[in-house]
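**Student:** For chain A, the structure is supplied; the task is to place chain B on it using the hints.
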Amino acid sequence: MKILKTIAFGLLLGASTLASASTIEMDVSGLVCAFCAQGIEKTLKHFPATQAVFVSLEDRIVAVQLKDGSDIDDATLRKAITDAGYTIVAINRTDESLDAIRSRVSAKAHAHG
Amino acid sequence: MQTRKCLAALCLLGALLPAAAIAKPIAFAKGKAVMAEYGADTMNEVQFFYAPKYWWSGGAGWLELKSEDVDKQRHIAYVRANLLAKRWNLPAAQANVFVWGGLGRATGNDFDGSTLARNAGFQTDYETRRVYASFRSDLQESDHFSHRIDTLQLGWSPYAHDYETLATWFVVQERRYSGDLFDGTETALLVRFFKGGTWVEVGATTDGKLQAMAMLNF
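Top line first, the protein sequences correspond to chains A and B. Last residue of the first sequence: 113 in the working numbering, with the numbers rising by one and none dropped. Last residue of the second sequence: 1218 in the working numbering, with the numbers rising by one and none dropped.
Any given hint might turn out to be false.
To be verified - Here are the simulated DSS-like cross-link-like pairs (lysine-lysine), alpha carbons at most 27 angstroms apart as the crow flies:
{"hint": "1", "chain 1": "A", "residue 1": "45", "chain 2": "B", "residue 2": "1030"}
{"hint": "2", "chain 1": "A", "residue 1": "42", "chain 2": "B", "residue 2": "1032"}
{"hint": "3", "chain 1": "B", "residue 1": "1086", "chain 2": "A", "residue 2": "42"}
{"hint": "4", "chain 1": "A", "residue 1": "45", "chain 2": "B", "residue 2": "1195"}
{"hint": "5", "chain 1": "B", "residue 1": "1053", "chain 2": "A", "residue 2": "45"}
{"hint": "6", "chain 1": "A", "residue 1": "79", "chain 2": "B", "residue 2": "1030"}
{"hint": "7", "chain 1": "A", "residue 1": "45", "chain 2": "A", "residue 2": "79"}
{"hint": "8", "chain 1": "A", "residue 1": "67", "chain 2": "A", "residue 2": "45"}
{"hint": "9", "chain 1": "A", "residue 1": "79", "chain 2": "B", "residue 2": "1053"}
{"hint": "10", "chain 1": "A", "residue 1": "42", "chain 2": "B", "residue 2": "1053"}
{"hint": "11", "chain 1": "B", "residue 1": "1032", "chain 2": "A", "residue 2": "79"}
{"hint": "12", "chain 1": "A", "residue 1": "108", "chain 2": "B", "residue 2": "1195"}
{"hint": "13", "chain 1": "B", "residue 1": "1032", "chain 2": "B", "residue 2": "1195"}
{"hint": "14", "chain 1": "A", "residue 1": "67", "chain 2": "B", "residue 2": "1030"}
No wet-lab data here; the hints were simulated from the structure.
Looking at chain A on its own, in the form it has when it is part of the complex (with noise of 0.2 angstroms):
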């Protein structure tokens, strides 16, 4: 019986850790100021399925991380963006951590110089 519990326990943990969130990068037109764009970010926070937010003025996306075992449909995406008062180009759907989204836009930034 303790073996079978164990065995459970380590089959449970297992699969949380193969279930990591995922994350949605989007292609925005007319992300140029800062001030104006605040606006994207607070209405994607409100989804319960947002962890975190980042937005790239750079490279003009914007990308959702997902909490785990959650995701936004690309209609409701498109209504939110385009709520904020811009224009979605492309939606992609990507295992790229919010974290490497945002090392690789730094990168990108510090290579242009």
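**Tutor:** Just chain B now, with coordinates in the frame of chain A:
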């Protein structure tokens, strides 16, 4: 002698005009904006706006106009609605057309009692992360006064700010007063900083008068 008196009166009227720095009248959806401005000792203004949607906001403000010798003063308390008439979202730029209108109550020491005041205007702007251009026309009128102020702003940023960094802009402002106003162009040089929801702007006219503005979006 009469010509001199006439010119003096016109100069006085010109000095009453607001020297407002310019920002967008609507920040973002479900956002609140508070603004306070000091304009070359001839104008003070505070405003509060709420934007239920990204394309309109409503709110109230209070405007004080003073002549240079403080001999003439006007106080206008008003409510106003702003509308984003058109926006172009481009890959690396944004352009906008705003219109607004409002009503208020004005008092002044050059007329008795209070009077209904009307306000209408428009603004068009274009910006990238490095250059900014805007033109604004604002009409304030009542049965006792009518002022139209046309303002052109050209801005340049020494670096392209990002979402989490401080933005710095150098702005040249040209303002003309028309209607029954003093003919002339007022030039001001401004430095603008913003980060997050905080915006501050400070500068001076070319005759050495201070202009400052602070705005908070939340």
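**Student:** Determine for every hint whether it applies to the structure shown.
**Tutor:** Here is how each hint holds up against the structure:
Our distance criterion of 27 angstroms between C-alpha atoms is met by residue 45/A and residue 1030/B, whose separation comes to about 13 angstroms. The straight-line distance between the Cα atoms of residue 42/A and residue 1032/B is roughly 12 angstroms, inside the 27 angstroms bound, and the hint therefore holds. As the CA atoms of residue 1086/B and residue 42/A are separated by approximately 23 angstroms, the hinted pair is consistent with the 27 angstroms bound. Taking the CA atoms of residue 45/A and residue 1195/B, the gap is near 19 angstroms; set against the 27 angstroms cutoff, the hint holds.
A C-alpha spacing of about 17 angstroms is found between residue 1053/B and residue 45/A, which places the hinted pair at or below 27 angstroms, so the restraint holds. Pair hint residue 79/A plus residue 1030/B holds up; C-alpha atoms about 15 angstroms apart against a cutoff of 27 angstroms. With a CA separation close to 14 angstroms, the supplied pair residue 45/A and residue 79/A stays within the 27 angstroms bound. Of the supplied pair hints, the one linking residue 67/A and residue 45/A holds, its CA atoms being roughly 12 angstroms apart against a limit of 27 angstroms.
The hinted pair formed by residue 79/A and residue 1053/B meets the criterion: a straight-line CA distance of about 13 angstroms does not exceed 27 angstroms. At roughly 13 angstroms between alpha-carbon atoms, residue 42/A and residue 1053/B fall within 27 angstroms of each other, so this suggested pair holds. About 21 angstroms separates the Cα atoms of residue 1032/B and residue 79/A, which keeps this hinted pair within 27 angstroms; it holds. A C-alpha spacing of about 22 angstroms is found between residue 108/A and residue 1195/B, which places the hinted pair at or below 27 angstroms, so the restraint holds.
Only pairs whose Cα atoms come within 27 angstroms are accepted, and residue 1032/B paired with residue 1195/B is accepted, the gap being roughly 16 angstroms. With a CA separation close to 24 angstroms, the supplied pair residue 67/A and residue 1030/B stays within the 27 angstroms bound.
Hint compliance for this structure: every hint is met.
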